[in-house]
Every structure is written in C-alpha cells, then in structure tokens.
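Chains as they are written, first to last, in my numbering: chain A, 11 to 199; chain C, 6 to 701.
These are calculated hints, taken from the structure and not from any lab test.
Sample of chain A residues lacking proximity to chain C, with all beta carbon distances greater than 10 angstroms (derived):
1) Ile16
2) Lys82
3) Leu98
4) Val102
5) Pro104
6) Asp106
Example chain C residues on the side facing chain A (calculated, C-beta under 8 angstroms, incomplete):
7) His105
8) Ser107
9) Leu109
10) Glu111
11) Ala472
12) Ala475
13) Lys476
14) Arg478
15) Phe479
16) Arg482
Heads up, simulated DSS-like pairs for lysine-lysine below, C-alpha to C-alpha not over 25 angstroms straight-line:
17) C:Lys167 to C:Lys258
18) C:Lys429 to A:Lys93
19) A:Lys149 to C:Lys490
20) C:Lys238 to C:Lys140
21) C:Lys167 to C:Lys135
22) C:Lys532 to C:Lys668
23) A:Lys134 to C:Lys490
24) C:Lys459 to A:Lys93
25) C:Lys496 to C:Lys510
26) C:Lys258 to C:Lys429
27) A:Lys93 to C:Lys471
28) A:Lys68 to C:Lys483
29) A:Lys92 to C:Lys422
30) C:Lys448 to C:Lys420
31) C:Lys488 to A:Lys134
32) C:Lys490 to A:Lys68
33) C:Lys40 to C:Lys227
34) C:Lys422 to C:Lys448
35) C:Lys69 to C:Lys125
36) C:Lys474 to A:Lys93
37) A:Lys134 to C:Lys483
38) A:Lys82 to C:Lys471
39) C:Lys46 to C:Lys125
40) A:Lys134 to C:Lys474
Glycine is no exception: its CB is placed at the ideal position from the N, C-alpha and C atoms.
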Amino acid sequence: MINILIAILVLGFISALFGALLGYASVRFHVEGDPIVEQLDALLPQTQCGQCGYPGCKPYAEAVANGEAINKCAPGGEDTIKKIANLLGVDVEPIDESHELDSTLGNGPTVAFIIEEDCIGCTKCIQACPVDAILGAAKQMHTIIIDECTGCDLCVAPCPVDCIEMRPIPETIQNWQWDLNKIAVKQLD
Amino acid sequence: MESIIERILQNKFWNFHGGIHPPEQKTLTSGKPIKQLPLPKQLILPLQQHIGRQGDLLVKVGDKVLKGQALTQSSNPMAVPVHAPTSGTISAIRKSAIAHPSGLSELCIFIDVDGDDTWKTREICEDFTKLNKQKIIQKIADAGIAGMGGAGFPTHIKVNTKPEINFLIINAAECEPYITADDLLMCEQSEAIIDGIKILEQLLNPAFILIGIEDNKPRAIKALQHATKNIEKISVCVLPTKYPTGGEKQLIKILTGKEVKSGTLPIHSGIVVQNVATCFAISDAVINDIPLIRRVVTVTGQAVSKPQNVWALLGTPVNHLLEHTGFVTEHDSSKANPPVTSPPVIMGGPLMGFSILNEFVPIVKTSNCILAPSRAEMPSAFDNNSSEVECIRCGQCADVCPSQLLPQELQWSAKAKDHQQLNKLNLFDCIDCGACAYVCPSKIPLVQYYRIAKAEIRQQQQLDLKAEKAKSRFEARKLRLEKDKNAREEKHKKAAAARKIAMSKRSADGGSASSAVAAALARVKAKKKAKSNDELSVFSIEKAESSSVLSVSSDEVTDEKSQVKAAIARAKAKRLAKKDDVSTLKVANKDSEEKEKTIKTVKTVDDKKAKIAAAVAKAKAKAKKEQQPEQSLPSSNEKEVKATSTKTDDKKARIAAAVAKAKAKAKAKKTQEKDQLAVMSNEAHAPFKSSNEESE
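Chain C with its partners taken away, still in its complex shape (with noise of 0.2 angstroms):
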C-alpha cells in the first residue's frame, strides 16, 4: 500500500497489456469551449437511461412538468429517476425508438417545451460538510445519477459501500479518440468536480484519491492540478495515452498494479472507480440541487462543419445538436438504390459507440459522443457489407488485448456457438474494447461477434433458468395434484368408514331414530311372513275343514241317500273345494268360535277395521251355513236345490269376503307406507307399534 503510494507520487505508473494507438482527433473540439445550445422544441426522455430497471410514472400526459422535477419514481434501488429537463406540457408518453444499438422502442416521456425554462423549487446547501452519509447518498439517488462514463450504473449504490476503500480513483483518462467532453468540463468546471471529489471522499473515506488522466489533455491536467494544490489526499496521476487507459480494471491496473480477479468488483479490492463527469454531476446535486438533467455532448466527425462540445439537456434529440453544429448532409449519387440521404451517425465513440437508427434518438445520462463521420474518415460506417475476410492467425488481437483474452480463439467459438469454450476462454472478462477489431488485418468485426454470443449466452441463462423454474413448478404441480387425490381417497375411506360404523350403531341401538327404519323394516317383513303364513294356514285349515264337511256331508248322504247322489255331491263339493278360493272356505267353517279364534291370530296385524270387516263376512257367511244344514235336511232334491243356492250364497259370501280382504290389505299397505313415512320423519308410531307388539 505505502510501496503504491509512494510510486504514485513519484508518478512511476504500472502499464496494462496491449492497447492501441488510434489517431487522436481530440483536436477536432478541445480547443472550443462548451457551447450553450438554445432550447429544443421537444425532449424526448426514455424511462430507463441506465443498467437496472425503469421506475413508475409520476406524471401523465397533459401535465405541466418544472425544470427539475421527478418524472418516475422507485422502491427498486437499481431503478434511479428520470428527471424533467426544462418546463413544458407532457404531451404523449409511448414508446420511441431510443439510444441503443437494437434500435428498439421503449417506453418514453415526450416533453412539448414552453421555453420559460422555470426551476422547481431548489434547497441550495452552503455546506455540504454538515450533511450527513445517508443525506448525500439520498440526495444522489433522488437526483438521478448514474454513472456517466457509459455503462450507467446507478451511483448512489457504487458510493454506498461498506467495506473499507483505500482507493477512490477518478476516471478522466477519456481514452477514446474524437472524444473530448470530460477534458472541457474539467477545464470549465474544475472546482466543481473537486466539490464532486470532496463529497465522494466524505462518503467513502479512501486513504488516497487518484485522478487518472491521459497526458492528451494539458489543459484539463492544469486545471485539475490547480484546483487540488492544497488538498494533499488527491493526486492528479498523468498518464501515458493508450486506449483502453480509460476502462475500470485497466485504470486500476496503471494506477495501483492492482488486478481485479476475473468476476469480482474493484469494491472488493477497495477500489471505487467514478467517472469524472459523474462527479460533477454529483456537486451539481448535493451543492446545487439540481438533478440530472444535462451532460456534455461532443458532436463531432468530418462530417459536422463546427465540431464542438455542448451541453445538451437529456432527452434532446440528435437532430437538435447536428443542427446547431453545422451537420452536413452527405448525398451520395453513386448509390442509388436506395438512396443514403443522411450519412451514418454513431453514438458513443469511433471504437465502442454503435450507429443510431435514426436522428430523433434522444441523448440520455451515458451518451458522451456524437459522431458524424465522413466517408474517407470512417468508410466501414458506410458501408454495411462486411469486408471481412478469412482470418489469418497474426496473433495481433491478442497483443493488442487489454484484458489478455484470445480473440481468435473467441471469435472462432463464437461463430461455432461453443458456449461451453467461451465461458472456458473468459468471454465476459471482455470489455468491448474494440481494440482486437481495430488491429485486424482481416477486418473482421471481432467484437461484433463477442457481443453476439454474450447475448446469446445471457439468453441461454436466462432460459436455463426459466426451464428450471418451470421444472420446479411442473413438480410441485404433480405433487399437489398427487396430494390432492389421496386426500380425496383418504375422505372417502374415512366416510365409508364413518357409514360403516354409524350402521353398525344403528342396528345396535333400536331407541335411535335410525334404528326405527331398520324397525320398520324388520316389521314388513315380518308382516309379509305372517301374510304368507296366514293364507298358508288358512288354507290347510279350509282344506281340512271342506275335507270334513265332504265326509260328514257323505256319511249324511250315503245314510240316507243313493249312492249315485252322494257321489254326485262330493264331486260337487270337490270341484268347490278346487275352485274356491282361500278366504271362501273359511266361511264353510263348522266351528265359529274356533275359526274365530285362528282368524283373531294370525289377523292381528291387520287393521281392525279390516277385521271388522272379515268378521262381519264371516259372520255373515256363517249365518248362511247355519242355514244351510237345516235345510238340506228336508229332502234330497230339496237339498241338492238348496246346495246350489248356498253355493251360490257361498260365492257371495266369498266374494265379499276376498274384496274385505283386498281391501284390509291396501288398508294395511296404506297404513305400513304411512308408518314407514311416520318413521322417516322421526316420528313415535304408538299404535302401529303397540299392534305389532301385541302380534309378537
């Protein structure tokens, strides 16, 4: 640490490998000073301006925004706010093609400009001193800063660090050629980017402030070196011009001889590395309040007739600033097809910047350089077949290499989409330099290539991640699902289960309501047995009584009578008893009291009605016998008269009692349906119940 410090100041830099020479063109605008452009007539604000995510809209269309105000706003510590550049009306927000190599849309605030240029409500702080860590830092992240120096990672979160900082390193190497915006703001606004410093310094408490700077800029060097003569911390360390000099990990590597390992942050060697155009930004927002609302634009190229530096408000479009420094629009005859009306325009520098779809493309926080180049200085911006040719294995790319990568080796995985290799030949230790592309004999877009297969590999994680995602869901489903039906199965074991033993509680237990229907059950069954015995039994019994009536009848017969007659009369008799139905041959019954009584028992299940009714037919048809016996007396021929007519009495009688019987019968299926109902319905049956106790 102390051998470092020491060799800084005897300004004995490290030197990283390879790097490039490019012709500077840094003349084209280092001697012009930062010019004021007059308003343009609509800002065109993209949501996300940097790496992490967009915030939430605070405005909508139609509304009348100041110069300052927040126009999104985020809970997402990676989202940092879009601010207004100058007053005016909303007047659409939609998506608008924006400053990035795809070309694509994104979501954007166009801002009709009033031209009054009116501040919002500004706190000025005298003394930053006073405030306090997490003041600045709110103060940083509400004015919407990210790094300038082009990758745009948001500040607030770089200067918020724990661990302990031995170096703060300022980046004003501006390595790129043609670039010269960081070397007129460090001429113009030197005090106010040492305030940057200053603020940095009390939120990081580095042991010692470097300021990398490229010994192309005498003039900023001067300034630099003048305004830091009486701060002993900061060191302005010139260094040799070499592109990259200005990418983090090569800075780091000429100031400190410090490696960043491959996958790891400067943070985690101590190391915090900001743009000095951030810095600037930085006082700008603590001191000043003022947010994020403009930067330093050089637009330059042969291309443009008054190269110069400008301060653009964000949000302007390209257009605005080639206007107001003379934009020569090329026309090139000898293509005609289609016709080139305006010649390329390349945002960001000659090495890292990409060509802009169109010139309403809007400036946001990283967009350092415009470049307008001409034909004879910049063919390959015209052309866009590829010249490429085979390559040739020189090995220069890897020379000229700052990151000690093997380009070739790279280019040739890249083009065969061998993931696996690129990730083995530390493809995103790359930094897009440009410097294995610009030292190609073959002209082959070497980065172009790098670029495509980080993207394709961000993509294959991201998918890779998705399909895991999706896996883990596809499982979670299927055991859900699997969960689902076993407790589906367990219910309804349980259920049955529950039935099953319910059931067997139920036949258990006869006061229950439950039991009643098993009860009533039993009892029609039991009366359909008792109905089966009682016809059974009756008719034996008809059968033994018509059988005795016969022989009483013949013995009567062959006493007195011929034996023709008698024979006659039992076939009679016989045929009715045949005949007769069940219930008539009751009635032929000798012995009331008895037939009575057999009656009584196996009819007590009956209604009484029904009894009622039979025993009035019996009776009646008992009438009749009675009678008939006194009068078959008399004579033979008399009797056999007579027996037809009680025969036919008989049938009435017979007839009579079937339809009694029938009818007690619906009588008592009535009553045994109205019981069953009764019983359903939970309710006491005393009289059906006490019957059938008293047939039991």
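Bound-form chain A, shown alone (with noise of 0.2 angstroms):
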C-alpha cells in the first residue's frame, strides 16, 4: 500500500514538475509564427490584378486568412489553389468562375503595350497602374515599363481612346521552354 502510494506521489510530483517546465518554456521561449497572411502573401502572384475583388494580393491574402474563398485568384490558377488549401488545410475547389482568366488573350503571360500614337497623356493609367509600370505625365506620351508590367489589365479600362491593349510576351531565347513535340512539329515544316 504505502508503496503505491510513494509511486503516485514520485510521479505525481515529477509530472507537476515537467509540466511546470513546459509550462515555463512555452512562455519564455515563444516563438512568433510566421503569420498565415504573410505565408498566403507569398503564395499569390503578386500581379496586383485586383480581379479577387480586393485591391491586391496583400488584402486578398488577408481576406483568405479571414475566411475569404480561396479560389478567386485567376492569374494563380489552380496552383495557387492547391497551395493555399495545402496551407490553409482546406479542400481545393475549382476556380470561381466569375475569376476565370479571359480566354481571348491565350494562357500565356501577357503585358500592357500603350499604342503610343494614340496616348493623350491623360495620366489615367498611370494612376491605375499597382505597380507603378507605366511611365509619363500630363499631356506627354505615356509608356509600360515592360520588365515592371505584371498583366494585370487594370490600366485598360480607365484609358479614354482606348490606347492600351494586353499583347502576350514574345518568345526568347531566355524565357523559351524546351518543348519536345513543338520541336518535333516544326521540323516536319
């Protein structure tokens, strides 16, 4: 009997002992988590596109992490789904429709081009601009910084002669994809 009772006691005293210590260590060694903003942050294609709805990929991600749906990025596409459920822990369902990319202009990477003829230096799009690509001033000919355009199609719609319009990258040597069946069909041509 009195053995059981030095064994309940040895234990009880050695788990208040340890739980004490964890308690301690969790205080004092705290270690702030990188916050799931900043983690959805970097999962999102920073185009700045605003087409989610939120004024860029920041407020986005701060909306997901409040329980925004995760599937209205539509330059991320599906990847960026599968990340953020992977991250997030939730299911990944398919991209909202609403969200969908614009099928017209292909599944490449596209960037603004100002017609520069026809530009009225109205500074609109300049001010639509999120990334602060586009170069000029008032009554001046205004331009895309094409290495800063991220295709996010806002500078488009504000234009009032309609001088703007989203033309896909050119293929180069340095962005250029080895692609076996492409290389196969042209040199049949």
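These two chains come separately, so use the hints to put the complex back together.
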C-alpha cells in the first residue's frame, strides 16, 4: 500500500515538475509563428490585378486568412488554389467562374502595351497601375515599363482613347521552354 | 599539391564516377587535314553567340565592312563583340533562325560577301611577353573570344581573376564521338596553341599547367608533346577514353582528384579550365590581332560523302559546309506525308547536340560539329515519335551518371514537376551529358526531361523574382499614396489653422486692411439697426404727436363747436393717423425745432443730400402746418373744408417726403456699396468713416 502511494506521489511530483517546466518554456521561448497572411501572400502571384475583388494580393491574402474563398485568384490559377488549400488545410475548390482568366488572350503571360500615337497623356492609366509600371506625365505620351508590368489588365479600362492593349510576351531564347513535341512539329515543316 | 603533381608526373590519374564508351566514329574525319572552304555568298552573324548579353550595333544596313572589323560593342563585361569574318556589305539586320534548339529567331547581321577578303589594319605583336596583363585581357575582350568548347563563357572574364591559380587545365579531351575539330587543330596548329597557353600562363601565373587529352588522338598527343618538350611547367596528360572526360568538373576530377563542390566554380578551388581551341583563338588575337572570326568545324556523319574538318567563318550557313562535304539528300519514299526532303542535321555532338531548324542556321562561336547521320546510324534522329517505354528501374543511368545523381528519381520528379524535389536531388549539377539517356534500355530521353525541368525552374525563379519586385513596387506605391494623402490632409489642416489665426488677428487689429471689411460689416449692421430704430422712434413720436394734435384740436372743437363735429374730426384724424405713413406725421409736428433735432440725431447716418431733401420736405410741411391752424380758426365749416384741403396738402407733402426718404435710402445704400467696394480695394474712406464716427 505504501509503495503505491510513494509511486503515485513520485509520479505526481515528476509530472508537476515537467508540467511547470513546459509551461515556463512555452512562455519564455515563445516563437512568433510566421503570420498566415504573409505565407498566403507569398503564394499569390503578386500581379496586384484586383480580379479577386480586393485591391491587391496582400488584401486578398488577409481576406483569405479571415475566411474568404480561396478560389478567386485568376492569374494564379489552379496551382495557387492547391497551394493555398494545402497551407490552410482545406479542400481544393475549382476556380470561381467569374474570376476565370479571359481566354481571348490565351493562357500565356501578357503585358500591357500603349499604342503611343493614340495616347493623349491623360495619366489615367498611371493612376490605375498597381505597380507603377507606367511612365509618363500629363499631356506627355505614356509608356509601359515591360519588365515591371504584371499584366494585370487594370490600365486598359480607364483609358479614354482605348490605346492600351494586352499583348503576349514574345518568346525569346531567355524564356524559351524546351518542348519536345513542339520542336518535332517544327522539324516537319 | 605536391603529391598531386608527383602522381601526375607518373601518369597516374584519378577517375570519375560513371561514364560511357560510345562507338568512336572519329576516324571518319581524323585522318584528313582541315579544309579551307571558298567564301560563302552571305554570312549571317547573330549578335549573341555566347552566354551573357548581346552588344550594341556599330554598323547599319549598307555599310561596307572589312574583315575583322567589330560590328558590335558593349560596356557590359558579359558582352563580347562580334566581328566581320570577311569584307563585304551589310545587306540586312533582322531576325533570323539561329543555332539554338528552340529554332527561335534572334537579331542577325547579314553580310553580302564581296570576295576580296580585305583585312582591316592589324597590329601584329612580335613579343607578347612585353605586354602587361591589362593589355592582354583587353585584346582578348576586343577579339570577342568566348569559350569555344560549348557554353561560350566570355574568356576575358575567366582569365581576369584575383585568386591564386594552382592549375591551369587545357581541355583537349574532346570526348564526344565523331568530333575531331580540336584533334586536327592540335595536329596542325600546336605551336600557336602553345603560344596561347603561354599567354594564359602570363595572365594567370598558375603553379602547373595540365593538358588533358584522351588517348584516342595519338597524332595530336605527339604534336603537343613535341611542342612542349622544352617547357617544364606544361604537362601533357594522356587520359583513357571515356565519355564525358571533357566535362569541366570531370576533367578536374581525373587530373587532380579534386571535386568541385556543387554550386561553386573551379576558380574557387584555384583551377581554371580553358578549351584548346580557345587557346588558339587567344594566340591569334594577341599575337596576330585576328579577332575570333573563324573556327574548325567537323562536318561528319554517314549522310555526307566527304566528311572532313573545315575552317568555317563564323556566320557561314550550315548548308554551305554541307555542300562542300558532299551532303547526300536522302529521299524517304516510305514516309509520304509529309515528305522528309532533308535528313536531320545535328549541331554539336551526337550526345549533346540538337537538331537545327533549317540549313541556313549560321555557324557560331560554339559550334564545333555538324553531324548529318544516316538512318542506320542514328534512327532516333529520324523518328520524331519517341519510342520511350516505362522505366524498368534497372539503375543503369545512375551507374553512368558522371555527376553521381539519381537520373531515375530526377526523371520522375521532372515529370511530376516537383521543383522542390528536383532541387533536393541537385538537378542543377546535371551537365546534360546524355550518358543516362544513352544507356537507358527503355529509351527514355532523360536529358530532355532534365532540360525542360531546368528551364521551368529558371522560369519559375524569374517569375518569383518578378513577383517579389511587383510586391515591393505595390507596397511602395501604397505607402506613397498613403503619404500623399496624409500630406494633403496635413496641408489642409495647416491652411485652416492659418486662416483661423489670421481671422482672429484681423478682428483684434482694426487698423489692418482686412479689419476694414469687418468694420464695414459692422457699420452696415449698425446702419440697419439705426434705420429700424429711426423708423420706430419716428413712428412713436408721430403717434404721440398726432394724439397731442388730436387732443389739442378736440379741445378746441369742444370748446367752440358741437361734439358731433368734434367726433367726426376725431374719427377723421384717427383714420388719418392710422393711414399715415411713418414719415408723413413728422410733418404734423408742432414743435419744428424739436423735430428737427430728433431727425438730425437719428438721420445723421444718412447722406447730407438726403438730409437736405428731408429738411426741405419737412420745412414745406411745417409751413403748411403753420398755415393750417390759422385757417382753421375762422369757422367750423370752413375749418372742415380747410382741414380736408390740408389733408390733401399733407398727403402731397407726405408723398414727397416718402420719395425723398426712399431716395435717401437708395443713395445711402449706393454709397454703402461703394464704401464696401472701396474698403475691399483697401482704400481709406475718410468722409464716410468720419460721418460714421460722428454718428457714434
């Protein structure tokens, strides 16, 4: 009987000790986890296009963290949805139809292009650009900095003379992808 | 270090993992001398022929260029110039298919060859040992030399190094089957190559120079040994034939036993590797002032009847080389649609080369071989449909991989596009040698999968970089907008505060111009008040007066006449009083002096003229009034009649007075307005002010 009591006491003491130790450690060595918003933001394509209905990728990341649907990012497509679902531990959803990419431009990345003869220098597109990729001043011709353009399409609508269009990025040796089938087809020609 | 040298001197070398022994096929071309070809009609020079950036154009369409003239230049150290390989006229500068597996078009300079082959003026250097390091590096850079072994890394960057160099390794292994370009170059130009090595020695000052050469080139070995017999520092290392001995890291491993760490360059281990053809180009450039405008190209394969090494000017279209080596166009009747008019032509070796899009693709700095195989020789090149079958996990690929990777695992991850796993498996240590695909019994084009995966990862990295940039730009913009907004608000706040302060100052300081406005406003208010007061007072006075008049008259009437008449008069007077305008009853005032006084006090605000007019009207009214009591005395009847007449008179006077008053008011208003205007234009209004002050 006394042995059992001793055992209980010893075990109880040890568990209390470790409990206290762990409790102290969890407070003392508390690690601030990577905020979920930052992680979500890192998964988004950063086009800042606003197609999700939020003014940029970060606001959408914040919204997703607060329970917004994960399938609203059109430029990210399914890959992004999968990654977000993986991160949040939720089911993968098909991309929201209203947020699907405009298929007229093809699936390749595009950049905005200003038809410079038609530009009247109204600066409206400059105000619309989320990444400051348009250069110009009032009553001066504007132009797109192609390397900075994310192809978000936001500058097209505000243009009063419709001089902005989205163009696919030309394929060069630098961005060329090996495509076995494509080469084979070319050879036959 | 010393033990390494000892071992090298004893001709004992290390070995690298894996490797293959494909059928040699070098004898097709190794016995024949390098052929000089007639000049082609047109040269096509891509602006970018190497790793790095393309230079800026120095010429325009229609320009005449001389042999060796630079066509591009750039301040970017990673860009090397392109030179005119012969004299001629620039006929076009446009996009054209280049020697790249993609078959994409890049900007090219088209030169119509004039056939004279006129050199630019050259400065031939008799003794390069007198040149300093910078001068030599400049010469190498100006000559446009890029590594001629394959990758095409700009040579002047590779030789311009700070750290101490233990080994300078000259890569003469030429391990790919078929290719004999370096072999023949060593046989025919061994002295020039040794000169090039000496120049490199001067630049790098290495402890030891090793020439790595495979034992399947006996003539070249002999020639090199002969040329280097008096130079102690240089050692010709004859290595067993094995593919890919010519790989940079593999050659280093074989010769020195050192492994270059993943992700580092040989230079970090104190080793520089240069291709033997590059050495020749360096000696040509430094000693003879000949820029890199030609190279030896092996034209071989069973589809050419006279396979041979040729001196090809850079920019020579491939079909010019094929024409002069007896290229047989094979017509394949079995494949009717579409008819294959020309058999495949491969640029580079059979293991690492790629099929070219058409035969007008130009020779560039890195093209060492044109391979035109026959169907029997290389069926895979004819067959576009891959005969790939499932991986059987035999593991042969891992056995032959010179980089000790796991090709099978890599292949699965590449197919699954699992970039993370690919990085874990060190995909980027793969040298694209193709040994794994060569041994694969399932005919899986492993290297192609790796190439695709590498390109995808690079693309992804670029996209990530771009996304990062876009993110930072977006945040910066947001910050800027926020700042602008805050600044605007701040400005508005400040402006409002400033206005408030100015207002309070103005009200405190009466003398200031702005206070004049306030003063004017105050004046207007005071005037309005005064007017209403005036009217009120006048009204009350009149009331009192009229009542007194009435009482007086009624007394008189009761005294003298009947009450009925008095009542009638009263009623009439009452009616009169009721009807009466404010000003009219003034006239009825008995005490003219008193009235004058009150009017004066009340009306000083008004203009003088108005006063005068009022005074006149009053005077008239008074005169009439004075007449009235006199007339009313004689008889009651007459009095009545007269009273009515005075009434009419009174009326007239009243109307006149009203008109006068209205006039005065209008005038006062006008002057007030004028006053205000004047005040606004900051002009002092002495008369008005004084009158105002008088009134106060």
